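Here the protein sequences line up with chains A and B, keeping their order.
For the first sequence, the numbering used here gives the first residue as 227, with consecutive numbering after it.
For the second sequence, the numbering used here gives the first residue as 2, with consecutive numbering after it.
Simulated from the structure, these hints should not be mistaken for laboratory data.
No experiment lies behind these values; they were computed from the predicted model shown.
Do not take every clue at face value.
What the hints assert, rightly or not - Below, computed lysine-lysine pairings styled on DSSO-like, alpha-carbon distance capped at 30 Å:
{"id": "1", "chain 1": "A", "residue 1": "Lys297", "chain 2": "A", "residue 2": "Lys248"}
{"id": "2", "chain 1": "A", "residue 1": "Lys335", "chain 2": "A", "residue 2": "Lys248"}
{"id": "3", "chain 1": "B", "residue 1": "Lys58", "chain 2": "A", "residue 2": "Lys248"}
{"id": "4", "chain 1": "B", "residue 1": "Lys2", "chain 2": "A", "residue 2": "Lys283"}
{"id": "5", "chain 1": "B", "residue 1": "Lys58", "chain 2": "A", "residue 2": "Lys268"}
{"id": "6", "chain 1": "B", "residue 1": "Lys2", "chain 2": "A", "residue 2": "Lys263"}
{"id": "7", "chain 1": "A", "residue 1": "Lys268", "chain 2": "A", "residue 2": "Lys248"}
{"id": "8", "chain 1": "B", "residue 1": "Lys58", "chain 2": "B", "residue 2": "Lys2"}
{"id": "9", "chain 1": "A", "residue 1": "Lys263", "chain 2": "B", "residue 2": "Lys58"}
{"id": "10", "chain 1": "A", "residue 1": "Lys283", "chain 2": "A", "residue 2": "Lys335"}
Claimed, not checked - Residues on chain A that point at chain B, a partial pick, calculated with CB under 7 Å:
{"id": "11", "residue": "Asn257"}
{"id": "12", "residue": "Tyr258"}
{"id": "13", "residue": "Lys268"}
{"id": "14", "residue": "Gly269"}
{"id": "15", "residue": "Pro270"}
{"id": "16", "residue": "Ile274"}
{"id": "17", "residue": "Ser319"}
{"id": "18", "residue": "Ser321"}
{"id": "19", "residue": "Tyr324"}
{"id": "20", "residue": "Lys325"}
{"id": "21", "residue": "Phe328"}
{"id": "22", "residue": "Thr330"}
Glycine included, each C-beta is placed from N, C-alpha and C at the ideal position.
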Amino acid sequence: GENVEQHPSTLSVQEGDSAVIKCTYSDSASNYFPWYKQELGKGPQLIIDIRSNVGEKKDQRIAVTLNKTAKHFSLHITETQPEDSAVYFCAASKSGTYKYIFGTGTRLKVLA
Amino acid sequence: KAGVTQTPRYLIKTRGQQVTLSCSPISGHRSVSWYQQTPGQGLQFLFEYFSETQRNKGNFPGRFSGRQFSNSRSEMNVSTLELGDSALYLCASSLDAGGNSPLHFGNGTRLTVT
Numbered sequence: 227g228e229n230v231e232q233h234p235s236t237l238s239v240q241e242g243d244s245a246v247i248k249c250t251y252s253d254s255a256s257n258y259f260p261w262y263k264q265e266l267g268k269g270p271q272l273i274i275d276i277r278s279n280v281g282e283k284k285d286q287r288i289a290v291t292l293n294k295t296a297k298h299f300s301l302h303i304t305e306t307q308p309e310d311s312a313v314y315f316c317a318a319s320k321s322g323t324y325k326y327i328f329g330t331g332t333r334l335k336v337l338a
Numbered sequence: 002k003a004g005v006t007q008t009p010r011y012l013i014k015t016r017g018q019q020v021t022l023s024c025s026p027i028s029g030h031r032s033v034s035w036y037q038q039t040p041g042q043g044l045q046f047l048f049e050y051f052s053e054t055q056r057n058k059g060n061f062p063g064r065f066s067g068r069q070f071s072n073s074r075s076e077m078n079v080s081t082l083e084l085g086d087s088a089l090y091l092c093a094s095s096l097d098a099g100g101n102s103p104l105h106f107g108n109g110t111r112l113t114v115t
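Please build the complete structure, drawing on both the sequences and the hints.
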């Protein structure tokens with residue numbers, strides 16, 4: 227069945243270092259890959275997304291890369307700050323299904 | 002523009018009871034989805050509605066149902082509650098129902114079944 231694997235489950239980095247979270251999807255027809263940040267007591271918030279016709283997208287300190295052949299996509303956060311501490315979820319969806327398959331989440335801790 | 006609003010924020014129910022959760026989407030968004038979030042299973046898709054029609058349903062028992070009104074507001078209902086239904090229920094809205102437009106989540110309803 228459809229599945230998205232996400233690694234690592236927890237990640238601790240020093241403030242100013244980079245953080246990388248990786249996801250692998252099973253359905254090769256998936257064509258949209260968003261990343262969400264969830265803070266305590268709140269719902270997930272979209273931070274960046276990428277579509278299957280693009281290999282990389284960047285927004286300030288955040289970037290996402292997509293390798294369709296390997297069915298991998300990754301989130302890169304540079305110059306991490308304490309406010310980046312949260313749980314991050316990757317997801318995959320394909321047109322016409324109206325649903326997202328989410329990864330299991332990565333708890334990122336940025337140590338000051 | 003106001004975000005997705007979910008009510009109530011917290012609910013405590015007893016096994017066997019039923020519960021109704023409410024969601025108001027972002028103005029102009031016609032697609033509303035529901036997800037169940039638990040520590041063990043993560044975010045699981047429940048169902049999606051567009052223009053009052055259910056377009057897709059996840060692998061949940063028939064005790065879980067939903068509906069969407071003409072103003073795009075949505076409700077979900079869980080009947081005959083079980084302890085395992087304790088979870089954060091998240092509603093999300095999006096501009097279209099193509100399955101690949103960004104979801105905007107509310108802050109959820111925390112349901113505890115005792």
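Do the hints match the structure? See the list:
At roughly 11 Å between alpha-carbon atoms, lysine 297(A) and lysine 248(A) fall within 30 Å of each other, so this suggested pair holds. Between the alpha carbons of lysine 335(A) and lysine 248(A) the distance comes to roughly 16 Å, so the proposed pair stays at or under 30 Å and holds. Restraint check: the Cα-Cα separation between lysine 58(B) and lysine 248(A) comes to about 28 Å, which is no more than 30 Å; the hinted pair holds. With a C-alpha separation of about 26 Å, the suggested pairing of lysine 2(B) with lysine 283(A) holds against the 30 Å cut-off.
Annotation: proposed proximity of lysine 58(B) to lysine 268(A) holds, straight-line Cα distance about 24 Å (limit 30 Å). Distance restraint check for lysine 2(B) and lysine 263(A): the Cα-Cα separation of roughly 20 Å lies within the 30 Å cut-off, and the hinted pair is therefore satisfied. With a CA separation close to 23 Å, the supplied pair lysine 268(A) and lysine 248(A) stays within the 30 Å bound. Restraint check for lysine 58(B) and lysine 2(B): the C-alpha separation of about 29 Å stays at or below 30 Å, so the hint holds.
Taken as a hint, the lysine 263(A) and lysine 58(B) pair is honoured in the structure, with Cα atoms around 25 Å apart against an allowance of 30 Å. Taking the CA atoms of lysine 283(A) and lysine 335(A), the gap is about 24 Å. The hint holds against a cut of 30 Å. Below 7 Å, beta-carbon pairs count as interface contacts, and asparagine 257(A) has one with chain B at about 6 Å; its hint therefore holds. Given the 7 Å rule on beta carbons, the hint for tyrosine 258(A) holds: about 3 Å separates it from the nearest Cβ of chain B.
Against a cut-off of 7 Å between C-beta atoms, the interface hint on lysine 268(A) holds, since the closest Cβ of chain B lies about 5 Å away. Of the supplied interface hints, the one on glycine 269(A) holds, with its beta-carbon coming within about 4 Å of a beta-carbon of chain B, less than 7 Å. Against a cut-off of 7 Å between C-beta atoms, the interface hint on proline 270(A) holds, since the closest Cβ of chain B lies about 5 Å away. For the restraint placing isoleucine 274(A) at the interface with chain B, the shortest Cβ-Cβ distance is roughly 10 Å, beyond the 7 Å limit, so the hint is violated.
Restraint check, serine 319(A) versus chain B: the minimum CB separation of about 5 Å is within 7 Å; hint holds. Hint status for serine 321(A) relative to chain B: holds, with the closest Cβ pair at about 5 Å, below 7 Å. At a threshold of 7 Å, the smallest CB-CB gap from tyrosine 324(A) to chain B is about 4 Å, leaving the interface hint in force. Against a cut-off of 7 Å between C-beta atoms, the interface hint on lysine 325(A) holds, since the closest Cβ of chain B lies about 4 Å away.
Among the interface hints, the one on phenylalanine 328(A) holds; its C-beta lies about 4 Å from the nearest C-beta in chain B, closer than the 7 Å criterion. This hint holds: threonine 330(A) has a C-beta 5 Å from the nearest C-beta of chain B, less than the 7 Å allowed.
This entry does not satisfy hint 16, going by the numbered hints stated previously; all others are met.
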